[in-house]
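Engineer: Could you build all of it, start to finish, from the sequences and the hints given here?
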Amino acid sequence: AEDFSLMSLVYQLMALEAQPLHLDVEDPLTGFYNQLFYKRILDKEIDRSKRTLAPISVVKISVDALNEIEVSQGRGFCDEVIKKVAGVITKSSRLPDYACRTGENEFSLVLINCNRKGAALRAERLRQVLKTESFTKSGFVITVSQGISEYPSLTRTAQILDESSRKALEFISSKGGDKICIYKAPQDHQPDFQVDT
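Taking our numbering, I'd label the letters of the sequence shown as residues 1 to 197.
Since the hints were derived computationally from the structure, they do not count as laboratory data. Virtual Cβ for every residue (Gly too), placed ideally from N, Cα, C. You may find that some hints are simply not true.
Simulated pairs of lysine to aspartate or glutamate, DMTMM-like, Cα-Cα distance not exceeding 25 Å [to be verified]:
1) K184 / D64
2) K167 / E68
3) K44 / E26
4) K167 / E106
5) K131 / E68
6) K184 / E133
7) K84 / D27
8) K44 / D97
9) K39 / D192
10) K84 / D192
11) K175 / D97
12) K131 / E80
13) K83 / E170
14) K83 / E124
15) K167 / D64
16) K50 / E163
17) K91 / D24
18) K175 / E26
19) K84 / D43
20) K83 / E68
21) K179 / E124
22) K167 / E124
Pairwise CB distance ranges (calculated) [said to hold, decoys possible]:
23) N113 / V25: 20 to 26 Å
24) L121 / V71: 30 to 36 Å
25) D196 / S72: 41 to 47 Å
26) S72 / Q187: 32 to 38 Å
27) D192 / L29: 34 to 40 Å
28) Q35 / V71: 24 to 30 Å
29) K83 / D192: 36 to 42 Å
30) R48 / E133: 30 to 36 Å
31) E163 / V71: 27 to 33 Å
32) L121 / T52: 20 to 26 Å
33) K175 / D43: 26 to 32 Å
34) K175 / Q35: 35 to 41 Å
35) P186 / L95: 32 to 38 Å
Structural biologist: Okay, here's the thing in C-alpha coordinates:
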(Lines of atoms letter the chains of each structure in order from A and count residues from 1; the text may use other names and numbers.)
(Lines give C-alpha, C1' and ligand atoms only; values in the text may rest on other atoms or scores of the structure.)
Protein backbone atom coordinates (compact mmCIF):
# COMPACT_ATOMS: atom_id res chain seq x y z
CA ALA A 1 0.00 0.00 0.00
CA GLU A 2 2.88 2.35 0.83
CA ASP A 3 4.54 1.60 -2.53
CA PHE A 4 1.27 2.35 -4.33
CA SER A 5 0.86 5.66 -2.47
CA LEU A 6 4.45 6.63 -3.19
CA MET A 7 4.08 5.83 -6.91
CA SER A 8 0.82 7.79 -6.99
CA LEU A 9 2.56 10.84 -5.48
CA VAL A 10 5.46 10.53 -7.93
CA TYR A 11 3.02 10.37 -10.84
CA GLN A 12 1.15 13.47 -9.60
CA LEU A 13 4.42 15.36 -9.22
CA MET A 14 5.50 14.42 -12.75
CA ALA A 15 2.12 15.58 -14.12
CA LEU A 16 2.43 18.92 -12.31
CA GLU A 17 6.00 19.43 -13.51
CA ALA A 18 4.97 18.75 -17.12
CA GLN A 19 2.04 21.17 -17.02
CA PRO A 20 4.00 24.46 -17.21
CA LEU A 21 5.88 23.16 -20.25
CA HIS A 22 2.55 22.57 -21.95
CA LEU A 23 1.21 25.98 -20.93
CA ASP A 24 4.39 27.71 -22.12
CA VAL A 25 3.58 26.87 -25.75
CA GLU A 26 -0.22 27.21 -25.72
CA ASP A 27 -2.38 30.24 -26.41
CA PRO A 28 -4.98 30.30 -23.60
CA LEU A 29 -7.83 31.72 -25.72
CA THR A 30 -7.66 29.37 -28.71
CA GLY A 31 -5.67 26.38 -27.46
CA PHE A 32 -3.38 26.85 -30.48
CA TYR A 33 0.40 26.85 -30.20
CA ASN A 34 1.86 30.26 -29.40
CA GLN A 35 4.62 32.44 -30.89
CA LEU A 36 7.37 30.70 -28.92
CA PHE A 37 6.41 27.27 -30.25
CA TYR A 38 5.92 28.65 -33.77
CA LYS A 39 9.50 29.96 -33.96
CA ARG A 40 10.90 26.64 -32.73
CA ILE A 41 8.83 24.45 -35.04
CA LEU A 42 9.49 26.61 -38.10
CA ASP A 43 13.27 26.21 -37.68
CA LYS A 44 12.85 22.47 -37.14
CA GLU A 45 10.58 22.01 -40.15
CA ILE A 46 12.88 24.00 -42.47
CA ASP A 47 15.72 21.65 -41.49
CA ARG A 48 13.50 18.64 -42.19
CA SER A 49 12.40 20.15 -45.51
CA LYS A 50 16.04 20.43 -46.59
CA ARG A 51 16.59 16.75 -45.81
CA THR A 52 13.38 15.43 -47.39
CA LEU A 53 13.27 17.91 -50.31
CA ALA A 54 9.62 18.62 -49.54
CA PRO A 55 8.21 22.19 -49.54
CA ILE A 56 6.82 23.95 -46.51
CA SER A 57 4.39 26.87 -46.62
CA VAL A 58 3.34 29.44 -44.05
CA VAL A 59 -0.08 31.10 -44.17
CA LYS A 60 -0.55 34.19 -42.00
CA ILE A 61 -4.18 35.03 -41.23
CA SER A 62 -5.72 38.12 -39.65
CA VAL A 63 -9.32 39.09 -39.03
CA ASP A 64 -10.25 42.15 -41.08
CA ALA A 65 -11.13 45.32 -39.13
CA LEU A 66 -10.71 43.63 -35.72
CA ASN A 67 -9.93 46.94 -33.98
CA GLU A 68 -13.14 48.47 -35.34
CA ILE A 69 -15.08 45.38 -34.25
CA GLU A 70 -13.65 45.74 -30.73
CA VAL A 71 -14.64 49.43 -30.56
CA SER A 72 -18.19 48.77 -31.73
CA GLN A 73 -18.90 45.35 -30.19
CA GLY A 74 -16.53 45.04 -27.22
CA ARG A 75 -13.62 42.84 -26.20
CA GLY A 76 -15.83 39.84 -25.41
CA PHE A 77 -17.20 39.72 -28.94
CA CYS A 78 -13.66 40.06 -30.35
CA ASP A 79 -12.59 37.04 -28.31
CA GLU A 80 -15.59 35.14 -29.65
CA VAL A 81 -14.56 36.03 -33.21
CA ILE A 82 -10.97 34.87 -32.60
CA LYS A 83 -12.23 31.57 -31.13
CA LYS A 84 -14.63 31.06 -34.04
CA VAL A 85 -11.87 31.66 -36.60
CA ALA A 86 -9.63 29.26 -34.67
CA GLY A 87 -12.39 26.63 -34.80
CA VAL A 88 -12.71 26.97 -38.56
CA ILE A 89 -8.92 26.72 -38.94
CA THR A 90 -8.92 23.55 -36.84
CA LYS A 91 -11.66 21.95 -38.97
CA SER A 92 -9.81 22.70 -42.20
CA SER A 93 -6.32 21.65 -41.03
CA ARG A 94 -4.53 18.39 -41.82
CA LEU A 95 -2.97 16.30 -39.07
CA PRO A 96 0.68 17.23 -39.79
CA ASP A 97 -0.04 20.99 -39.94
CA TYR A 98 0.71 23.36 -37.07
CA ALA A 99 -1.85 26.03 -36.17
CA CYS A 100 -0.38 28.84 -34.07
CA ARG A 101 -1.61 32.15 -32.71
CA THR A 102 1.36 34.43 -33.20
CA GLY A 103 -0.21 37.79 -32.38
CA GLU A 104 -3.32 39.48 -31.01
CA ASN A 105 -4.79 39.35 -34.53
CA GLU A 106 -2.50 36.89 -36.28
CA PHE A 107 -2.65 33.18 -36.85
CA SER A 108 0.24 31.35 -38.53
CA LEU A 109 -0.26 27.99 -40.19
CA VAL A 110 2.80 25.87 -40.91
CA LEU A 111 1.81 23.55 -43.76
CA ILE A 112 4.14 20.57 -44.07
CA ASN A 113 4.85 19.13 -47.54
CA CYS A 114 2.69 21.82 -49.12
CA ASN A 115 3.75 24.16 -51.92
CA ARG A 116 2.41 27.70 -52.39
CA LYS A 117 -0.32 26.54 -54.78
CA GLY A 118 -1.63 24.03 -52.23
CA ALA A 119 -1.42 26.68 -49.52
CA ALA A 120 -3.43 29.11 -51.67
CA LEU A 121 -6.14 26.50 -52.26
CA ARG A 122 -6.41 25.80 -48.54
CA ALA A 123 -6.44 29.53 -47.74
CA GLU A 124 -9.28 30.12 -50.21
CA ARG A 125 -11.28 27.23 -48.74
CA LEU A 126 -10.82 28.72 -45.26
CA ARG A 127 -11.89 32.16 -46.51
CA GLN A 128 -15.07 30.73 -48.05
CA VAL A 129 -15.99 28.61 -45.01
CA LEU A 130 -15.66 31.61 -42.70
CA LYS A 131 -18.24 33.49 -44.74
CA THR A 132 -20.83 30.81 -43.90
CA GLU A 133 -20.16 30.86 -40.14
CA SER A 134 -22.67 32.63 -37.93
CA PHE A 135 -21.77 34.95 -35.07
CA THR A 136 -23.83 36.01 -32.08
CA LYS A 137 -24.52 39.45 -33.45
CA SER A 138 -26.93 38.83 -36.30
CA GLY A 139 -25.85 40.10 -39.68
CA PHE A 140 -22.20 40.23 -38.65
CA VAL A 141 -19.92 38.90 -41.41
CA ILE A 142 -16.33 38.18 -40.50
CA THR A 143 -13.68 38.14 -43.21
CA VAL A 144 -9.95 37.43 -43.10
CA SER A 145 -6.86 38.44 -45.02
CA GLN A 146 -4.16 35.86 -45.68
CA GLY A 147 -0.50 36.10 -46.68
CA ILE A 148 1.38 33.09 -48.04
CA SER A 149 5.02 32.25 -48.51
CA GLU A 150 6.88 29.01 -49.23
CA TYR A 151 10.27 27.41 -48.77
CA PRO A 152 12.26 26.76 -50.98
CA SER A 153 10.69 28.40 -54.06
CA LEU A 154 10.22 31.84 -52.48
CA THR A 155 12.56 31.98 -49.46
CA ARG A 156 15.81 30.54 -48.05
CA THR A 157 15.42 30.55 -44.24
CA ALA A 158 12.81 30.15 -41.52
CA GLN A 159 13.13 33.83 -40.60
CA ILE A 160 12.57 35.00 -44.18
CA LEU A 161 9.67 32.54 -44.57
CA ASP A 162 8.02 34.12 -41.53
CA GLU A 163 8.78 37.70 -42.57
CA SER A 164 7.70 37.24 -46.18
CA SER A 165 4.35 35.70 -45.25
CA ARG A 166 3.77 38.64 -42.87
CA LYS A 167 4.66 41.12 -45.64
CA ALA A 168 2.16 39.44 -47.95
CA LEU A 169 -0.48 39.62 -45.19
CA GLU A 170 0.19 43.30 -44.45
CA PHE A 171 0.08 44.16 -48.15
CA ILE A 172 -3.25 42.46 -48.79
CA SER A 173 -4.77 43.80 -45.54
CA SER A 174 -3.95 47.32 -46.71
CA LYS A 175 -5.93 46.68 -49.91
CA GLY A 176 -9.20 46.20 -48.06
CA GLY A 177 -8.97 42.61 -46.84
CA ASP A 178 -10.97 39.46 -47.59
CA LYS A 179 -8.23 38.41 -50.01
CA ILE A 180 -5.17 36.18 -50.30
CA CYS A 181 -1.68 37.30 -51.33
CA ILE A 182 1.31 35.10 -52.24
CA TYR A 183 4.73 36.61 -51.60
CA LYS A 184 6.82 37.21 -54.71
CA ALA A 185 10.41 36.04 -54.49
CA PRO A 186 13.25 38.45 -55.35
CA GLN A 187 14.54 38.09 -58.92
CA ASP A 188 17.90 36.79 -57.75
CA HIS A 189 16.38 34.06 -55.52
CA GLN A 190 17.93 30.63 -56.05
CA PRO A 191 15.90 27.83 -54.38
CA ASP A 192 17.75 25.12 -52.46
CA PHE A 193 15.82 22.52 -54.50
CA GLN A 194 13.09 22.46 -57.12
CA VAL A 195 9.42 22.02 -56.21
CA ASP A 196 6.55 20.99 -58.47
CA THR A 197 4.07 23.88 -58.78
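Engineer: Can the suggested window of 24 to 30 Å be confirmed for the beta-carbon pair Q35 and V71?
Structural biologist: holds (25 Å)
Engineer: Do the alpha carbons of K167 and E106 lie within 25 Å of each other, as the hint requires?
Structural biologist: Within the cut-off at roughly 13 Å; holds.
Engineer: A range of 30 to 36 Å was offered for this pair. Does it hold for the Cβ distance of L121 and V71?
Structural biologist: holds (34 Å)
Engineer: When you check the alpha-carbon spacing of K84 and D27, does it fall within 25 Å?
Structural biologist: Since the Cα atoms of K84 and D27 sit roughly 14 Å apart, the hinted pair holds (cutoff 25 Å).
Engineer: Would you check the hint for K83 and E170, treating anything up to 25 Å between C-alpha atoms as holding?
Structural biologist: holds (22 Å)
Engineer: Using the C-beta atoms of D192 and L29, is the stated range 34 to 40 Å upheld?
Structural biologist: Hint holds: Cβ distance 36 Å, inside 34 to 40 Å.
Engineer: Is K84 close enough to D192, meaning Cα to Cα at most 25 Å?
Structural biologist: Violated, at roughly 38 Å.
Engineer: Please verify whether K184 and E133 have alpha carbons no more than 25 Å apart.
Structural biologist: Roughly 31 Å between the alpha carbons, so the hint for K184 and E133 is violated.
Engineer: For the pair supplied as a hint, K39 and D192, confirm whether the alpha-carbon distance does not exceed 25 Å.
Structural biologist: With Cα atoms ~21 Å apart, K39 and D192 stay inside 25 Å; holds.
Engineer: K167 and E68: Cα distance at most 25 Å?
Structural biologist: holds (22 Å)
Engineer: Given the range 26 to 32 Å, decide if the beta-carbon distance of K175 to D43 lies inside it.
Structural biologist: holds (31 Å)
Engineer: With respect to the beta-carbon atoms only, verify the hint that K83 and D192 lie 36 to 42 Å apart.
Structural biologist: holds (38 Å)
Of the numbered hints given earlier, the model fails hints 6, 10, 11, 18, 19, 26, 34; all others are met.
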